[in-house]
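Visitor: Hey, can you work out the whole structure from these sequences and the hints?
Protein chains: 2
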Amino acid sequence: MESQLTTIRSIDPETAVNDTLAMTELSGFPTRKQLRDLKRREIVRCATVKFGTEGYENVTLEAIATELGVTKAALYNYCSSKNDLLMQCYELGMDRLVDAVETAMAGTGSAAERLAAGLKAYIVTMLRPDMQYLWSYTRPMVTSGDKRSVLDSRDKLDVMFRNMLNAGISDGSLRADLDPKLASLVILGAANWVGIWYRKGGGKSPSEIGAEVTGEALRGYLA
Amino acid sequence: MESQLTTIRSIDPETAVNDTLAMTELSGFPTRKQLRDLKRREIVRCATVKFGTEGYENVTLEAIATELGVTKAALYNYCSSKNDLLMQCYELGMDRLVDAVETAMAGTGSAAERLAAGLKAYIVTMLRPDMQYLWSYTRPMVTSGDKRSVLDSRDKLDVMFRNMLNAGISDGSLRADLDPKLASLVILGAANWVGIWYRKGGGKSPSEIGAEVTGEALRGYLA
DNA sequence: GCAATTTGATAACCGAGGGTCACTGAACTT
DNA sequence: AAGTTCAGTGACCCTCGGTTATCAAATTGC
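Just so you know, the protein sequences line up as chains A and B, in that order.
If you use my numbering, the first sequence corresponds to residues 23 to 245, in order.
If you use my numbering, the second sequence corresponds to residues 23 to 245, in order.
Misleading hints may appear alongside valid ones.
Repeated chains share a single entry, so a pair holds when one copy, or any two copies, can fit it.
As the list claims (entries may be wrong) - Taking lysine-lysine pairs in the DSS-like style, the calculated list, with each CA pair at most 25 Å apart, reads: (1) 226 x 203; (2) 178 x 226; (3) 178 x 55; (4) 61 x 178; (5) 72 x 104; (6) 226 x 55; (7) 226 x 94; (8) 203 x 178; (9) 94 x 178; (10) 61 x 104.
Hints listed in this document are in silico derivations from the structure and should not be mistaken for laboratory results.
Guide: Listed below in structure tokens is the structure:
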């Protein structure tokens, strides 16, 4: 059986919005390192979709390997365990989240407006079909030791929101008496909770949900 | 090996606060049904502690069985699968939560005060060591089909909070313009989020955390 | 009291799936 | 051309959830 790992698969526009993979396609003569890294990311991308839509414990390494046209053992060249593979998926997901929030917050409005934009982007990104189960259903599997980079990203997000809260106090668009630490806790809590209860079919689109929850979560903090 | 399932184990006061098991000890000549039910609950109690403190996927049925002094196969007289056992643990946990919140909300103050008491009780209960992983780490494993009763309890809690929010609008202790549905979402989101990031050693006790988060989550809703 | 039956537990086993390892063949190096 | 590196293979092991045949004790019927 010929390995398909060397093939650059077409990117599904629905699930791959803002995916960075497409931007790093091979140019001319790929080095061994480049090829290896591309394959690794292809594995992670495949695993992310499967974990995200089917749930971690319902996906076998065999299934991932088959889908990629290789054997299970081959995967172990790119990850040290199934949990490690999940970790790499988390990193990918975290990067997406950070990117989305960063972009949304880069606007020019008041801090309150940019905070709202960032929060909405956070929620919408989290509700992407292939992020769904990844966040709400398998965060658990992140075992100690491995999870450093994930926690780093989480902290990074937390800091981004806290900074924006502080900026809001400074520019007067948010109440001066709010505690950024506690407020970011409540805000992110509300946002993350959406990922738990939201299921397609509730009638509302992720974008609508994002806007509604954002409005509600920030209501008490506006100046 | 003699079965220890017939022994009523002493209740650890730390983890068994409000546990209903102690109230149903056998009286005189236990019937077969009573004995069976007692054993079932003893299994669930043991599993709850282990799942809660070690994490679902790190606990083998073998380990639970050994701790109870029986074989793994014996457990299958009381549950149909490992996941079903987890479900029963969730029910136990949910009952604890509902009890705690109900009791806390039964006071005589304003609706806002009772809401705060209920929310704090919710958080504190959730932070019990043996509830920790159960909530934040294994909610995922609840697979469709089985999970009806758990969702019922969750709905029940949601309704309790929504009712109290409505009561607060009526008695004027909460802002008249709040949307109970969205508000309960944000409030419970913030509360549940605590279970994710809280780890012993942060210096603050569950009670302090509960009070702080409660204050913050309700701040925007007070009249 | 003594068979017949029901119940709860056991030991032995099965199969899925995560993880390992000796080896192979192709690509790169010299 | 010979040696070296390395991704990938196939066969294998082990853990653990789940099943089944069987047995002993308690319960019931006569």
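Visitor: Pop the pair residue 94 and residue 178 into one bin, within, between, both or neither, using alpha-carbon distances up to 25 Å.
Guide: For residue 94 and residue 178, neither the intra-copy (34 Å) nor the inter-copy (45 Å) Cα distance is at most 25 Å.
Visitor: Is the C-alpha distance from residue 178 to residue 55 at most 25 Å within one copy, between copies, in both cases, or in neither?
Guide: Neither, since 29 Å and 55 Å both go past 25 Å.
Visitor: Could you place residue 226 and residue 203 in one of the four classes (within, between, both, neither) given a Cα distance threshold of 25 Å?
Guide: Classified as between: cross-chain Cα gap 15 Å, same-chain 31 Å, threshold 25 Å.
Visitor: Up to 25 Å between alpha-carbons, please classify residue 61 paired with residue 178: within, between, both or neither.
Guide: neither (28 Å within a copy, 48 Å between copies)
Visitor: Using 25 Å as the alpha carbon limit, work out where residue 226 and residue 94 are close: within a copy, between copies, both or neither.
Guide: neither (39 Å within a copy, 46 Å between copies)
Visitor: State whether the alpha carbon distance between residue 61 and residue 104 is at most 25 Å within one copy, between copies, both, or neither.
Guide: Within one copy only: 16 Å inside, 36 Å across.
Visitor: Could you figure out if residue 178 and residue 226 sit no more than 25 Å apart (CA to CA) within one copy, between two copies, both or neither?
Guide: between (30 Å within a copy, 23 Å between copies)
Visitor: How do residue 203 and residue 178 come out at 25 Å by Cα distance, when the copy is not named: within, between, both, or neither?
Guide: within (13 Å within a copy, 30 Å between copies)
Visitor: I want to check one pair: residue 72 and residue 104. Are their C-alpha atoms no more than 25 Å apart within a copy, between two copies, both, or neither?
Guide: Result: close both inside a copy and across copies, 13 Å intra and 23 Å inter.
Visitor: Is it within, between, both, or neither for residue 226 and residue 55, if the alpha carbons may be no more than 25 Å apart?
Guide: neither (44 Å within a copy, 48 Å between copies)
Violated hints, listed in ascending order, are 3, 4, 6, 7, 9; each of the other numbered hints is respected by the structure.
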